[in-house]
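Chains as they are written, first to last, in the numbering used here: chain A, 1 to 443; chain B, 1001 to 1093; chain C, 2001 to 2483.
Think of the hints as simulated: they come from the structure by calculation, not from any bench.
Bear in mind that the values here come from a model prediction, so they are computed numbers and not experimental data.
None of the hints are false.
Simulated crosslink set (SDA-like; lysine to any residue; CA at most 25 Å straight-line):
(1) A:166 x A:148
(2) A:127 x C:2339
(3) A:294 x B:1063
(4) B:1088 x C:2107
(5) A:184 x B:1062
(6) C:2385 x B:1039
(7) A:18 x B:1061
(8) B:1017 x C:2152
(9) B:1065 x C:2254
Listed here are the chains, written in short residue letters.
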Amino acid sequence: MIYKPVIGLEVHVELKTKSKMFCGCSADYFGKKPNTHTCPVCLGLPGALPVPNKKAIEWCVMIGLALNCNIPLFSKFDRKNYFYPDLPKGYQISQYDQPFCQKGFIELSKEKKIGITRVHMEEDTGKLLHQGDSTLIDFNRSGVPLVEIVTEPDFESAIEVVEYLKKLQQIVRYLGVSDADMEKGGMRLEPNISLRESNTTNTTNKQILPIYKVEVKNINSFRFVEKAIAYETERQKEILESGKTPIQETRGWDEVKNRTVSQRIKEESMDYRYFPEADIPPIRWVESQISNLKSQIPELPDAKSNRFKNELSLSIYDSDILTKDKETADYFEEAVKVGKAHDINPKQIANMLINKKINIKNVLPGHLIQSILTSTQTTAIDENELKKIVKEILEKNPKAVSDYKNGKIQVIGFLIGQVKQTFKQPLDTDQLKKAIEKFINTH
Amino acid sequence: MKIDVGHIAKLANLEIKESEKEKFQKQLSSVLQYVDKLQEVDTKDVEATSQVTGLENVTREDETKPSLTQEEALSNSKSTHNGFFKVKAILDE
Amino acid sequence: MNLNQLTIKQAQEGLKSKKFSSIELTKACLKQIKKLNPKINAFITVCEKEAIEAAENADKSLASQVFDPEGSDRRGETLEARPLLGIPIAFKDLFSTKGIKTTAGSKVLNDYIPVYDATVVGKLKDAGAVIIGKTNLDAWAHGSSGENSDFGATLNPWNNEFVPGGSSSGSPAALSADMCIASTGTDTGGSIRLPASFCNLVGLKPTYGRVSRNGVLAMVSSLDSIGHFTRTVEDSAILLNVTAKKDDFDATTPGVDVQNYTKNLNKGIKGIKIGVPKEYVTKGLDKHVQTKFEEALKDLEELGAIMEEISLPHTEYGIAAYYIIQPAEVSSNLARYDGIRFGSGRENFGGEAKRRIMLGTYTLSAGYYDAYYKKAMKVRTLIIKDFDTVFKKVDAIFAPVSPTPPWKLGEKINDPLKMYLSDIFTVTANLAGIPGISVPMGFSDGLPIGMQILGPQFSESLLFQIGSAYEQATEWHKRKPTL
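Can you build the whole structure from these sequences, using the hints too?
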């Protein structure tokens, strides 16, 4: 029996707004002294009320638009109720049945399309720090805006998953809405993994989904995603082959033991008792606002890369490298503009950038062009000077001269090389060639 | 209806003594029986109201405001440590 | 008349004309508190030190004719914008007061000291008010009698064997026992209007969202209304002028203009159409309430109002809808009380709080949400429509507040459902978010009975107009309890 992975992904992206989602505390919490970025709202103090951050909402919609989502004109916030020490209000303000963005997609290589189920807005929790027989809590992170992106279970391999994650990271960085640094917790992921028998399909061409799924938490790098998927696939395969069904549960990735570990099995799934958040009036868009947000989305990586390939005649490989991040791509285009005036083509600039590992922060595009020009530039030399030089070389190489006279005209290349070597000046090749020919023919 | 007080209490993060479970069970049941009255009302095609102001799109600009000091934030807690709130170790992730 | 028996209006005039000082006024209140509070139990916290300091500052400002409190960034401003300068006001212990213990009437918060003021507390302070103390309440505002407090029941000053009403119990008791000049409260299902009617006071439940909820401990986020108790309708209007405002910290406060609420107080009610809901008067009213109600009807007619019978067909479902929506939101709003950042553990919740939390958790839980909460939200829509239809025909609604006069302490406390049913005439206004004012309507065996006037959203001016006309014609409010 061959089993194929069925994987869905839930990714949380931390927005880099100035302030938090529902209050004016600074959202820049990383590395700050504990509990110094809090207020009654994000600390969940009695009586405090949430007021949503306009920019965060707009950025969430922009992420959804970049993922080809539909933006319903009516949306609202809901309360997700559960108890945990890092959740100060005892509920998280999130979105349940009317999220900001729905039903999008993203294209991976080999024309694989991944369905985006939804993109919604929520708030982050505080941070827990385990220390001996205590747990310490810091609420600086509580209330930071999070965008949750959920995919359909369309992934069939770890490779696809990693490609998606890298693309998603690239997109949100291009949009300028998040740094999406996995090490800093700016992008967090939870894959849902199950296996299906590879010969199962039904007549409508949609795969029959497995009846269970295993959620894996605590993955904070692309490498660990691959490992976790590989481990889970193997683990589930063994269970299925023994005739049993893997338990529907949440597991944690243990990076020391290189395996997933079962977390406390809950008899039934969490009952979040969602209901509408009465402290926050709903959001109703008009079409022009959505179009306006759409127009603010810069050219995204895939489109830009294709354009470089088609309009600037670059290879896919070079285009992808140059569009890896927006700063490099913008720099490159600026350099192309400058280069055009000096007859330097994009390919030369691409080569320089890619191979010479230019630090674009230190070198202005204009200077980059300058250095290309200098390395290919030749100095025109005075006719008499040139005659003198040529005479010298030709007298040193009588055999080459006689070979040339005898019809071996390709030996002029050697002679040109000799002149260039000896005089170490950047000489114009054409001018030099003409000069040598002339000299030989007249002597 | 028989309400599982133990289960509900757990969901609600409340501790109900065994000796009290039956009393609560009866009281909750009597209220639930009363509110069941609502089933008499025809609400087909009626929209649910979750808030009465009719307000929409109330947001704030992305500007920072001063936060509480660490001291203020911790001032009402009975258990703190080096600027953190402190609780007994949580065993599951 | 003693200083502590003055209305806000009288206190304003006396302070302005220097007949007495704020210190004298405040000390008179404090003296009364010392004398009667041990019995009445209206106050959980008396802010003697803070009150005297505030009164001294007020006197300084009054003397220099310029606002002069220490540390205020409004120092130097004129006194016109300080209508409450030097006037002692008591606050229901649900209002966050910076540096002053705020308990919600519960052991869970018995040592909680807020680090910020509720918006409305800030507004009243800016208006010059003296915070004289925090008043008792049914814990977490769960109750209709004042008997659910973890700090002991509050007694009705009119007859100590009877309840003052709840959940705002200490505020009306303090005011009617002459311990302050005005007091604040919250009304989620009748918690201002009911106790006001039981204590012979004017109780205002403003339109939902008229007064900011920021900093007032949340009971039911979609129903809580922030209001107050006063001796006269005019005083109520004076207070609303201060507290009504759109607040950047409360996203549910519409930007409706704040009128001058005292403008129409003496306009009279000739030609005003007032509806009497037939469902309210056939509901097995206590005969004393019935009698007084019919008398009041005649009084209003004599004043020129056109009384008309109207129907609010979904009245009988109000309590059921309320007792689904309310506990559901309560269960969520009380989730933050886990003893980690403030307060003590959840084991300190009293029986009523536990009941409501569990009821709410149950009705919101998987498989029950549609049948209960969603259904209740739909019935809520029908109740709102009832009012909308009625307000097309009449300007305001006139109704009793409670089906009975005040009941004896202990009479309903062991039957939660029986207690819940005392809210039958008040909850629908909360579900619809409309304003209501409770005005004294007479007495039954020495116990006060009140009536309420309800109007469309943001019609407080009209309610004051009607209440004032009735008040001036009947003068029930001038009666005092034997203390």
